[in-house]
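Generate the whole structure from the sequences, applying the supplied hints.
Be aware that the sequence shown starts at 1, since it is given in UniProt numbering, and climbs by one per residue.
It should be emphasised that the hints constitute simulated quantities derived from the structure, not laboratory data.
These numbers were taken from a predicted model, which means no experiment stands behind them.
Warning: the hint list may mix true and false statements.
[Stated by the list, open to error] Here are the simulated DSBU-like pairs of lysine-lysine, each with C-alpha atoms no more than 30 angstroms apart in a straight line: (1) K356 - K205; (2) K66 - K120; (3) K249 - K155; (4) K205 - K195; (5) K195 - K155; (6) K315 - K421; (7) K66 - K343; (8) K119 - K356; (9) K66 - K54; (10) K319 - K309; (11) K54 - K386; (12) K66 - K101; (13) K101 - K313; (14) K300 - K319; (15) K319 - K419; (16) K273 - K205; (17) K339 - K101.
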Amino acid sequence: MTKQFAGLLFASVTAIFASTHNSTVFAQSKNADALFERAAKGNIAEAGGARRLKGDITAAFRDQIKDGPAKHVILLIGDGMGDSEITIARNYAVGAGNYFKGLDALPVTGQYTHYSIDKKTGKPSYVTDSAASGTAWASGVKTYNGAIGVDIHEKPHKTLLELARQAGFATGDVSTAEIQDATPAAQMAHVTHRKCYDPTSTAEKCGSNALENGGLGSISEQLLNTRPDLTLGGGAKYFEDKARAGEWKDQTLRTQAEARGYQLVGNLEELDKVTAANQDKPLLGLFTSGNMPVRWEGPKASHYGNIEKDPVKCKPNEKRSASTPTLAQMTEKAIDLLKTNEKGFFLQVESASIDKQDHAANPCGQIGETVALDEAVQVALDFARKDGNTLVIVTADHAHTSQIIDPDARAPGFTQALKTKDGAIMAVSYGTSTEPDHQGHTGTQLRVAAFGPGAANFSGLTDQTDMFYTIRDTLNLLSRASESGQNGAVARQPAQGAR
Numbered sequence: 001m002t003k004q005f006a007g008l009l010f011a012s013v014t015a016i017f018a019s020t021h022n023s024t025v026f027a028q029s030k031n032a033d034a035l036f037e038r039a040a041k042g043n044i045a046e047a048g049g050a051r052r053l054k055g056d057i058t059a060a061f062r063d064q065i066k067d068g069p070a071k072h073v074i075l076l077i078g079d080g081m082g083d084s085e086i087t088i089a090r091n092y093a094v095g096a097g098n099y100f101k102g103l104d105a106l107p108v109t110g111q112y113t114h115y116s117i118d119k120k121t122g123k124p125s126y127v128t129d130s131a132a133s134g135t136a137w138a139s140g141v142k143t144y145n146g147a148i149g150v151d152i153h154e155k156p157h158k159t160l161l162e163l164a165r166q167a168g169f170a171t172g173d174v175s176t177a178e179i180q181d182a183t184p185a186a187q188m189a190h191v192t193h194r195k196c197y198d199p200t201s202t203a204e205k206c207g208s209n210a211l212e213n214g215g216l217g218s219i220s221e222q223l224l225n226t227r228p229d230l231t232l233g234g235g236a237k238y239f240e241d242k243a244r245a246g247e248w249k250d251q252t253l254r255t256q257a258e259a260r261g262y263q264l265v266g267n268l269e270e271l272d273k274v275t276a277a278n279q280d281k282p283l284l285g286l287f288t289s290g291n292m293p294v295r296w297e298g299p300k301a302s303h304y305g306n307i308e309k310d311p312v313k314c315k316p317n318e319k320r321s322a323s324t325p326t327l328a329q330m331t332e333k334a335i336d337l338l339k340t341n342e343k344g345f346f347l348q349v350e351s352a353s354i355d356k357q358d359h360a361a362n363p364c365g366q367i368g369e370t371v372a373l374d375e376a377v378q379v380a381l382d383f384a385r386k387d388g389n390t391l392v393i394v395t396a397d398h399a400h401t402s403q404i405i406d407p408d409a410r411a412p413g414f415t416q417a418l419k420t421k422d423g424a425i426m427a428v429s430y431g432t433s434t435e436p437d438h439q440g441h442t443g444t445q446l447r448v449a450a451f452g453p454g455a456a457n458f459s460g461l462t463d464q465t466d467m468f469y470t471i472r473d474t475l476n477l478l479s480r481a482s483e484s485g486q487n488g489a490v491a492r493q494p495a496q497g498a499r
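Structure representation (structure tokens):
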């Protein structure tokens, strides 16, 4: 073969490869659109009109399966968001044939079990609470209802956020609840009773955890010691309580936070002005005294409410001020601040009041908070798609009570009819308690969905505890923490003079 011929052959092969490669990239782009866009393709009343697929998506799905490790992980939790809650919100907000561009746009989906453990017998408790559930994915251990960050023997276990921080990652914890609530607390604290929010309640409810008794302190105190780079939510009133022991005895937790270098913000304008959040100046956003207000409001369900009352449309909550950041705004700000860390970041985001409004049999309340989570998921996915090295996971902590029933059904529980985006009537029923404001959790397995490196680990049937190990290994936290000289013990109270 002459050099001239070889050169021509090489050039031809290169050109063919480039052409094929470009076509493949283009095809993958079109495939990805087909994978993520799941709206009905036509008139849902006609044959084939309700189809969500344009055709075979095997190639598109194959393109989305990527090995780890990932540089960043964003875990988004809909508290109490079972498949029923997602369907109710979708039907109302965008229509039965449409789809959520966040919640319904993650390519890999599976189901996971979420039972807790009976403390006395060690056997399954088939209906979990948020504390045991959060502990399962945050620390990789099943525990009893009410426990945060400890097992059934009350032994503390390190959390993903603690491991990530010790490995040098940026860390964040965002919630629309009080930041001491079970889900956000599960990443930052270790207490035997979930309501040990401040020093006073800790002394009353879980004395062994109190600082004055040699414990790790209240959830709020442990938050300050765990020192996430960023914490956003409600619960400001608990930082007005005073420490009962240690260097900060008789000083409010707010005073302690300021003295230890925390940036404290209380509204959207102040949040927008923050330009950095790290270990030198961690961000603590406390936007409300208690839980953050919900987006939408409407009548609570009542006996035969679907029959005896007119269908309603949800209304904006007048108690929600424009100065209060939305979950999407908090998520976007968190990503913007945490992504500057060269090693990467771990961020947990929770829409808390899907659960709280489900407990209260308030369909408009829970729908609005599900929509809020969808918007936050869209923010996370937008970043992940551009970044290419981010694992996004969306799931819930437990199932809940709301169900879609026939509009004419005389159900035994509490019901309310809504007029949906489709212009149709949807009746929502709550029937796990005879008390309308105290509806209960249910034990049905939950959807877990993912996008990015390592997402395939969430396909099929898994358990909540699998999430801990998958995220830990995807970020390679154990070896990185070891390289940083960190041991496996849960940190005690900082020494005198520590930040």
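Now the hints, each set against the structure:
1. K356 - K205: Given that 30 angstroms is the threshold and the Cα spacing comes to 22 angstroms, the pair holds.
2. K66 - K120: violated (42 angstroms)
3. K249 - K155: holds (26 angstroms)
4. K205 - K195: Since the Cα atoms of K205 and K195 sit roughly 7 angstroms apart, the hinted pair holds (cutoff 30 angstroms).
5. K195 - K155: Holds, at about 18 angstroms.
6. K315 - K421: Holds - the C-alpha atoms of K421 and K315 are around 14 angstroms apart, at most 30 angstroms.
7. K66 - K343: Since the Cα atoms of K66 and K343 sit roughly 20 angstroms apart, the hinted pair holds (cutoff 30 angstroms).
8. K119 - K356: Between K119 and K356 the Cα gap is close to 25 angstroms, so the pair holds against 30 angstroms.
9. K66 - K54: holds (24 angstroms)
10. K319 - K309: Judged against 30 angstroms, a Cα distance of about 25 angstroms means the pair holds.
11. K54 - K386: With Cα atoms ~25 angstroms apart, K54 and K386 stay inside 30 angstroms; holds.
12. K66 - K101: holds (21 angstroms)
13. K101 - K313: Within the cut-off at roughly 22 angstroms; holds.
14. K300 - K319: holds (17 angstroms)
15. K319 - K419: Holds. K319 to K419 sits at ~23 angstroms (cutoff 30 angstroms).
16. K273 - K205: violated (38 angstroms)
17. K339 - K101: holds (23 angstroms)
Violated hints, listed in ascending order, are 2 and 16; each of the other numbered hints is respected by the structure.
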